[in-house]
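Enquirer: Residue numbers (our numbering), protein chains in the order written: chain C, 5 to 541; chain G, 48 to 206.
Calculated directly from the structure, the hints in this document are not laboratory data.
Wrong hints could be hidden among the right ones.
[Said to hold, decoys possible] No more than 20 Å apart at the CA atoms, straight line, and that leaves these computed lysine to aspartate or glutamate pairs for EDC-like: (1) G:K89 with G:D115; (2) C:K337 with C:E147; (3) C:K287 with G:D160; (4) C:K139 with G:D97; (5) C:K514 with C:E460; (6) C:K514 with C:E473; (7) C:K447 with G:E105; (8) C:K238 with G:E65; (9) C:K337 with C:E285; (10) G:K123 with G:E105; (11) C:K104 with C:E410; (12) G:K50 with G:E67; (13) C:K287 with G:D97; (14) C:K259 with C:D370; (15) C:K88 with C:D118; (16) C:K238 with G:D82; (17) C:K287 with G:D88; (18) C:K287 with G:E67; (19) C:K88 with C:E147; (20) G:K185 with C:D23; (21) G:K52 with G:D200; (22) G:K64 with C:E285.
Here are the chains, one letter per residue:
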Amino acid sequence: MSVKVYIPCDAAAVSVGADAVAKSVAAEIASRRLNVTIVRNGSRGMFWLEPLVEVETPQGRIAYGPVSVDSVASLFDAGFLEGKTHPLCLGPTEEIPFLKNQERLTFARCGITDPLSLSDYMSHGGYRGLERALKLSPEAIVEEVTVSGLRGRGGAGFPTGIKWRTVLNTQADRKYIVCNADEGDSGTYADRMIMEGDPFVLIEGMTIAGIAVGATSGYIYVRSEYPHAFRALKRAIAIAYDKGYLGENVAGSGKRFDLDVRLGAGAYICGEETSLLESLEGKRGQIRFKPPLPAIEGLFGKPTVINNVISLSSVPIILHKGGEYYKNFGMGKSRGTLTIQLAGNIKRGGLVEKAFGLSLREAIYDFGGGTASGRPLRAVQVGGPLGAYFPESLLDTPLDYEAFAERKGMLGHGGVVVFDDTVDLAHQARFAMEFCAVESCGKCTPCRVGSTRGVEVIDRIIADQNRAENLELLDDLCAVLTDGSLCALGGLIPYPVQSAIRHFPEDFHKPAPSPDNGSGKVSANVPGKVEETRPWH
Amino acid sequence: MGKPKAWDADRASTLIKEQESVPGALLPILHTLQDEFGYIDKAAIPMIADALNLSHAEVHGVISFYHDFRHAPAGKHVLKMCRAEACQSMGCEGTIRHVEERLGVRLGETTGDRSFTVDAVYCLGNCALSPAVMLDGKLYGRVSREVADFLIDSAQRHA
């Protein structure tokens, strides 16, 4: 029997050399005339160990990493094909504490299977959720999702079951399922990982959604920054059609569900659901007024379920094991698991799927091992560019939607970006406003104009021009953005700005930087002069 | 990524026709044209407008709204450098400044010899291996100044 060696095809693993390692392993296999099969799996989500190579042995899978091209020959010499020891050997993959201490429901298969092997998918519990859904009435499927307590994992945390029920109860000649795969928040990559590492779970989730609400057509809107995910989905969808899991007769049920994947074009705002729908219709990605809700008038004016990748990918296990099973994970009103993404200046960056309720400190230190630089942690931004900056004193906050809201923060999509003590929060606040100016869709004045004015005001604060007055002006501007913006971009951009001022006031009262500041400094976070003349304004 | 071909109205017309009946066809058409020619030629605007029964302004508005679509061909190599928060926490601004100085351009610009276009990007989804860049569609992680130099050197060698 041929030995199986697993080398991830995940974009992040490839970004640090997984393709080159796979090529080198293949060359060694050929020159040593060995009977070995290379499987390109998804990532286990332990990115500091990538490229992580695994070997299937009678004792289970044994991990080696991070493997470089230079170490490949020595792995063969050491007998890694029999799971023998080597300086890079990490022991059984499942025993690595980072992985062992997780509760992987949605990511149960990611990194284990060949993402494009339907038989792998099936032998690891795939399509069991659909099988059960096909035996239930549409109302019963929606009820199962409602019971599970699943809330939108894209950031807004709206109950998925309620969205589905609205679409189910709205009469129309045509309905749509749309997957929001415009994962634009810095510090998040869970959507990308699952689309690349287990695309069939998303396809299955969308198919179940279609059968539940009576929609026969679906779209996945993937951001263009994710070409690997786009290709993986295209291929997985073609396979699902070929094997009868998509199309006019889904799994022999006589029910139709068609699925297509569309590419965004580099606009952060298209992660906002109504902008995304506009973009799918071929228009500028400007947000729509609500109401009407997309569930009533969505894509092409028809009732539309629009959910995030992780929400939809959690549906198969909910249908397979039941809403009650899923609900038993978590705390308070946050049920099930959260996919925490440890990012930025962190020693062990990666994906942690765990029941809601783990504290931020446990995530960062127990899983993440603290900062990558070894310097003291100073700030953490949770929830993407619209999330608040938390100081060390708030690290005991549990990862739960309500707990974050109480502390004027946002859990969002679960991205955790760690900064060490070289960070300058005045610079980060300025960046937040600058980002908002670059990415504003331009529909409402507070966001379109307010963001640019915000950059100017923060520049004056940094330059020590009438600081007290300008801080007050900034506060006023933030109130206008919060109350007057049409969507979450303008509405939430005060979060990073005001949290920076609230928790790190000292950064807004430093001496003004000298004009030659910023040339050749190692730290990226000194308030640089470069951005001010950047051409996109 | 294949090498972009020179603008060809007949070819563009064929590509537009292939997708004009797809629901919400405009973005797929623009992507196809940009993949083929490396940018959206002005001459394509009336062609697309006719095919989709839109005004020229509507088509132009969509092209200008999205950061991805170019009005002119990019340099031979396109380097997209992430400057979002996770990459900032690992020093991307220093790498960006270094690349800007080395190539003599600012983000968003193309070098005089048209060998490189350097663009800002906000998140490539590689936030546990920051700083991240994408060179000609390929993703790279932990891009220090040295790695950036190596990538630029390799691209120049394989010019």
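Enquirer: Which hints from the list above does the structure break, by number from lowest to highest?
Expert: Hint check: 3, 4, 9, 10, 11, 12, 14, 15, 19 and 21 fail, others pass.
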